[in-house]
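S.K.: Sequence:
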Amino acid sequence: MPREKEKMKIMYVVESLGGGVLSYLLLLCNELAKKNDITLLYGVRKQTPNNLRELFDNRVNLIEVNNFQRTVSPSADYRAYCEVKQQIMDVKPDIVHLNSSKAGAIGRIIKLFNSRSLKNTQFFYTPHGYSFLMGNESPVKRNIYYGIEAILSKLNTTTIACGIGEYKYAKKIDKDSKYVNNCVDLDYIDSFVNSDSNTLTNVFYTVGRINEQKNPKLFNQIALRHPEWQFIWIGDGPMRDELSASNIKVTGWLSNQEVMRNIQEYDNFILTSKWEGLPIVLLEAMALRKKCFVTDVSGNSEVINDTNGFKFKTIDEFDKQYASIKKDENLCKGVMARKDVECLYSKDSFVQEYSRIYEG
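So for the sequence shown, the numbering used here puts the first residue at 1; every next one is plus one.
It is possible that some hints are incorrect.
Unchecked claim - The following label-pair restraints were derived from C-beta to C-beta distances:
1) 228 <-> 71: 37 to 43 Å
2) 46 <-> 265: 22 to 28 Å
3) 175 <-> 296: 49 to 55 Å
4) 116 <-> 315: 54 to 60 Å
5) 176 <-> 241: 26 to 32 Å
6) 315 <-> 171: 32 to 38 Å
7) 117 <-> 35: 41 to 47 Å
8) 140 <-> 74: 16 to 22 Å
Unchecked claim - Keeping only pairs whose Cα atoms sit at most 20 Å apart, straight-line, the calculated PhoX-like set for lysine-lysine is:
9) 85 <-> 9
10) 274 <-> 168
11) 168 <-> 178
12) 347 <-> 313
In case anyone wonders, no lab produced these hints; they're calculated from the structure. Since this is a predicted model, take the numbers as computed values, not measurements. Glycine included, every Cβ here is placed at the ideal spot set by N, Cα and C.
Work the whole structure out from these sequences, hints included.
M.R.: Quick look at the structure:
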């Protein structure tokens, strides 16, 4: 009989565990834990569910990093560096996969200063939306972020972009970058489908943190122009006050199960982001055959095309796109959106691709 392959020790590190990154890591950790030893180091945020242990496979070792925080803080970041370094040295993983900018920077610096001890450990990095794409920062800061990414990319770490849009930027920084499209679990999503629910054609919903990236100002402007419609923002964040229109409802953070149950009756999904990696909430909406309206920015524009949804840059363009629906009685964009998710963003290909990359 052939010998069974030895289990790999895989460690994931993420500064902020919530939203799309949580969905990504849930699927990846739970699937790979069937054949490998998985450890997840994570930081807690308001959007981090209280029942993490219930969500993850029992075989996934969950370790909270107490000093992980979103903002730059030399003292807290150094303490987080020490925490993460100690865990890496204790676990001695074969693979360390860093997720998002803060964990990516700390993890790669650990590799730099401990190269001899970690010579047998492979490091990977997934940005989930590069910091130098942040539209709320000045050109000077964005150039600094780009320079930091360029320097850190030299530290023998392979970047795995989460979609083709992010990959285009990753290749400019490191020509050896790879990409694996984000995915969604269609069986899980379909388990929430309720054929008896009414379809509310005058409701637009979105999901995410209310911050500069998600552009609540534009969301609010669209709502103000269309008082005849209802707009629902599932999530919370520091720019909640920007959502001042009377026809906007902010739910606060909900569990993914609550989100899935609530959105079944809503007909329209809208994403007003200034930049994205590859948004999982968009893939979920497509899987549910929603009419998807997204801003024409990297991350969105590689997913949505003329056959499966609507792209816009301004409120006027949004209005034109919505008006076009009424003119096309044979519109099948929801069906095409579902087919695209099935073909391009499936769970099986996602897990297989990561396994192949890890195994070299």
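S.K.: Could you say whether the range 54 to 60 Å given as a hint is met by the Cβ separation of residue 116 and residue 315?
M.R.: holds (57 Å)
S.K.: Against the range 41 to 47 Å, how does the distance between the Cβ atoms of residue 117 and residue 35 compare: consistent or not?
M.R.: violated (26 Å)
S.K.: Please verify whether residue 85 and residue 9 have alpha carbons no more than 20 Å apart.
M.R.: Given that 20 Å is the threshold and the Cα spacing comes to 16 Å, the pair holds.
S.K.: Run the distance test for residue 168 versus residue 178: straight-line Cα separation, threshold 20 Å.
M.R.: With Cα atoms ~10 Å apart, residue 168 and residue 178 stay inside 20 Å; holds.
S.K.: Regarding residue 315 and residue 171, is the given constraint of 32 to 38 Å on their beta-carbon distance met?
M.R.: The hint (32 to 38 Å, Cβ to Cβ) holds, given that residue 315 and residue 171 are roughly 33 Å apart.
S.K.: Residue 274 and residue 168: Cα distance at most 20 Å?
M.R.: holds (17 Å)
S.K.: Between residue 228 and residue 71, does the beta-carbon spacing fit 37 to 43 Å?
M.R.: holds (40 Å)
S.K.: Starting from the hint 22 to 28 Å, judge whether the C-beta atoms of residue 46 and residue 265 obey it.
M.R.: For residue 46 and residue 265 the Cβ distance comes to about 26 Å; the hint holds.
S.K.: Assess, step by step, whether the Cα of residue 347 is no farther than 20 Å from the Cα of residue 313, and give holds or violated.
M.R.: violated (31 Å)
S.K.: Do the Cβ positions of residue 140 and residue 74 conform to the proposed distance bound of 16 to 22 Å?
M.R.: holds (20 Å)
S.K.: Determine whether the Cβ-Cβ distance between residue 175 and residue 296 falls within the hinted range of 49 to 55 Å.
M.R.: violated (27 Å)
S.K.: Hint says 26 to 32 Å; check whether the CB-CB distance for residue 176 and residue 241 agrees.
M.R.: Violated: the Cβ-Cβ distance is about 44 Å, outside 26 to 32 Å.
In summary, the structure is inconsistent with hints 3, 5, 7 and 12 from the numbered list given earlier, while agreeing with the others.
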